[in-house]
Amino acid sequence: MTNDGRNGEGGGTALLDVRDLKVEFRTRDGVAHAVNGVSYRVAPGETLAVLGESGSGKSVTAQAVMGILDSPPGRVTGGQVLFHGRDLLTLRREERRRIRGAKMAMIFQDALSALNPVLSVGAQLAEMFKVHEGTSRKEARGRAVELMERVGIPAARQRVGDYPHQFSGGMRQRIMIAMALALGPDLIIADEPTTALDVTVQAQVMDLLAELQRELTMGLILITHDLGVVADVADTIAVMYAGRIVETAPVHALYRVPAHPYTRGLLESIPRLDHKGRRLHAIKGLPPSLTAIPPGCPFHPRCPLAQDVCRTDPPPLYEAGPGRASACHFWKETLDGAR
Amino acid sequence: MAPGEPLLEVRDLVKHFPLTQGVLFRKQIGAVKAVDGVSFELRKGETLGVVGESGCGKSTLARLLVGLERPTSGQIRYRGEDITALSGRALTAVRRNIQMVFQDPYTSLNPRMTVGDIIGEPYEIHPEAAPKGDRRRRVQELLDVVGLNPEFVNRYPHQFSGGQRQRIGIARGLALRPEIIVADEPVSALDVSVQAQVVNLLEQLQDEFDLSYVFIAHDLSVVRHISDRIAVMYLGRIAETGTDEQIYDHPTHPYTQALLSAVPVPDPEARVHRDRILLSGDVPSPADPPSGCPFRTRCWKARPLCAEVVPPLDVPPAFRESTGPAHHASACHFAEERHVVPSE
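Each protein sequence line maps, in turn, to chains A and B. Going by this note's numbering, the first residue of the first sequence is number 631, and it counts up by one from there. Going by this note's numbering, the first residue of the second sequence is number 774, and it counts up by one from there.
Source of the hints: derived by calculation from the structure; they are not laboratory data. Please note: incorrect hints may appear among the correct ones.
Stated by the list, open to error - Which residues of chain B face chain A? A few of them, derived with a C-beta cut under 7 Å, are:
{"#": "1", "residue": "Glu826"}
{"#": "2", "residue": "Ser961"}
{"#": "3", "residue": "Ala962"}
{"#": "4", "residue": "Asp964"}
{"#": "5", "residue": "Asn973"}
{"#": "6", "residue": "Pro1037"}
{"#": "7", "residue": "Leu1052"}
{"#": "8", "residue": "Ser1116"}
Claimed, not checked - Derived coverage of chain B by chain A (criterion: at least 3 residues anywhere in the stretch with Cβ under 8 Å from a Cβ of chain A; other residues may be distant):
{"#": "9", "stretch": "796-803"}
{"#": "10", "stretch": "880-891"}
{"#": "11", "stretch": "919-925"}
To be verified - Per label pair, the in silico range of CB-to-CB distance:
{"#": "12", "chain 1": "B", "residue 1": "Arg928", "chain 2": "A", "residue 2": "Glu724", "range": "57 to 63 Å"}
{"#": "13", "chain 1": "B", "residue 1": "Ile802", "chain 2": "A", "residue 2": "Ser798", "range": "57 to 63 Å"}
{"#": "14", "chain 1": "A", "residue 1": "Gln937", "chain 2": "B", "residue 2": "Gly853", "range": "57 to 63 Å"}
{"#": "15", "chain 1": "A", "residue 1": "Arg909", "chain 2": "B", "residue 2": "Glu897", "range": "31 to 37 Å"}
{"#": "16", "chain 1": "B", "residue 1": "His1046", "chain 2": "A", "residue 2": "Lys914", "range": "57 to 63 Å"}
{"#": "17", "chain 1": "A", "residue 1": "Thr765", "chain 2": "B", "residue 2": "Ser1058", "range": "35 to 41 Å"}
{"#": "18", "chain 1": "A", "residue 1": "Ser798", "chain 2": "B", "residue 2": "Lys817", "range": "38 to 44 Å"}
{"#": "19", "chain 1": "A", "residue 1": "Pro674", "chain 2": "B", "residue 2": "Lys817", "range": "23 to 29 Å"}
{"#": "20", "chain 1": "A", "residue 1": "Ser919", "chain 2": "B", "residue 2": "Glu924", "range": "17 to 23 Å"}
{"#": "21", "chain 1": "A", "residue 1": "Pro702", "chain 2": "B", "residue 2": "Ile898", "range": "42 to 48 Å"}
From a predicted model like this one, the values you see are computed outputs, not experimental measurements. Glycine included, each C-beta is placed from N, C-alpha and C at the ideal position.
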């Protein structure tokens, strides 16, 4: 009845296959269990959205996949990260570094702090080619200009020598995308790529990202807290709560009827653009501290459906329809709309 | 104040921040036109939502309203009295009635003060609001009103989550029983599930204390939910203003239309049949705004007239005769109705 929570069909085609990943942080208050057995897979050309609130473990999972976890205090304590079938967690540092950037790349939320402020953007882009491909200086610079044009930076040839602070927020995010694309990766992880941007600029950047992904058939993991952005671009969604995936589903199915009370709570708690609506259905309480995750189902203290079993038995990911799974003992009732 | 008269009336409000050059002999070389001629009214018990992107001047507007900045010109009339002309004790007295809730609950609370001291601090400045012996009880009442345990009075801000801190900020705003609360992005730093709790709290407090809100935010869905009327700002000016239905369902200003069409909606079905307007470029610098209509550099409808004449914020001629929802103020020479928000 249960599966391992992997979305998508056709087992052999996964580009990235994360299996039962566990990450801990040692903190002054004890061990924070940031990621507690997360599994997901991404196929070439697929967009997987990882949705969650702060502290849900969505970014830490991505950092562990990329191999850029701050350690110490962070530590991967279990699981596998299979990329093209090879477990990245068993590779040596040097091997991993060659894959990172070239085969899988990351886009961060805050482009201003992710780019080097004392190097021109052209130099930073050209460096990718010089280091990974041994390209000559002149050729690297030419390719940097091409890339900047490709991501829609006006007057790229004139601006290649400009520094990050001379660009607007939207343009900086385009440069980040250009850096991520530079070496033609198979997988891009974008961590809240548009959160810091204004809504009209956000739309431009999301469109660019989606277009490039289609064109280059890359896998894309989009990490976000924004249910609107997810609905716009994702194929599949994984909803995270307290370091676990609580629901995974094809995007249309999830928005039509969620199979986990937390997902339903999130969808009901956002105000709508198309009508004024009345009182919002807020989820009561707060997300748990990662040093003291409640026993049983971590969502039970806030869940309107919680029963005794939820307080004692952690729910596995139940198969809840084609391509979807829910970590709720009462997923059937949730799908039927019970309160 | 006569019945029906606005509680707060803002007229041609302008705030320019000077740009200077030189160290010894400073000379002004220009100005950042943060707020450049804003007018609106706020009635008792009403919520005015102010939306706009970064740099549109909405936060400066908030700071002007509560007296944290002095306007370059223009008037802010509270119950008929121009408060920009006041100073000293008279100004302090008026400020009691207009309080502010800030965006960031992490930096707007002093980490070295207890929650009790933070919420009670307004009483230090306005001792007449509560007698000394009564203050602790009042603070505890306020904690209860915003949904926090009154026992928490001796705790420090770091012991609370983001949502709880925002409740503390709201309690501080309420301490002097103001009539108007200016809230600058009060929920944008909060997680979705917590944001709904704080929005509900603000609505409940409005009913309970008959508060008027100026609610400033960039999230258009939240603003629609909470506001009676909405003003859309662009480069220091109001582009369009009206009721929630007029603005969201019948926008006539191209900027409002572009803004609304760019909001990601939580409905994957909307991907296909949505009318999306993708603007090119970024917002121009408020230090060097375009001539005429500020939006013309990004507008697909711009014509030579737009560079020459500033469009007034008024009901456009095309809709003056109309009795429908398109009849509302829109600062565009070529205002047209366009449906951009997909509905179920």
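Is the gap between the beta carbons of A:Ser798 and B:Lys817 within 38 to 44 Å? At roughly 41 Å between Cβ atoms, B:Lys817 and A:Ser798 fall inside 38 to 44 Å, so the hint holds.
Supplied contact hint for B:Ser1116, tested at 7 Å Cβ to chain A: holds (4 Å)
Beta-carbon spacing of A:Arg909 to B:Glu897 - inside the hinted bounds 31 to 37 Å or not: The hinted range 31 to 37 Å holds for A:Arg909 and B:Glu897, with Cβ atoms some 36 Å apart.
Pairwise beta carbon distance, A:Gln937 to B:Gly853, judged against the given window 57 to 63 Å: Distance hint for A:Gln937, B:Gly853 holds at roughly 60 Å.
Any CB of chain A closer than 7 Å to the CB of B:Asp964? holds (4 Å)
Range hint 57 to 63 Å (beta carbons of B:Ile802 and A:Ser798) holds or violated: Check failed, 22 Å falls outside 57 to 63 Å.
Count the residues of the stretch 880-891 of chain B whose CB lies closer than 8 Å to any CB of chain A, then report whether that count reaches three. This one is violated; 0 residues, fewer than the three required, reach chain A with a Cβ under 8 Å.
Cβ separation of B:Arg928 and A:Glu724, checked against the hinted range 57 to 63 Å: For B:Arg928 and A:Glu724 the Cβ distance comes to about 49 Å; the hint is violated.
Evaluation of the interface hint that places B:Glu826 against chain A, nearest CB under 7 Å: Result: holds, 4 Å to nearest chain A Cβ.
Pairwise beta carbon distance, B:His1046 to A:Lys914, judged against the given window 57 to 63 Å: With Cβ atoms ~36 Å apart, the hint is violated.
17 to 23 Å as the expected CB spacing between B:Glu924 and A:Ser919, which holds or is violated: holds (20 Å)
Using Cβ atoms only, decide whether B:Pro1037 comes closer than 7 Å to chain A, and label the hint accordingly. Since the shortest Cβ distance to chain A is 3 Å, the answer is holds.
Hint compliance for this structure: hints 2, 3, 9, 10, 11, 12, 13, 16, 19 are not met, and every other hint is.
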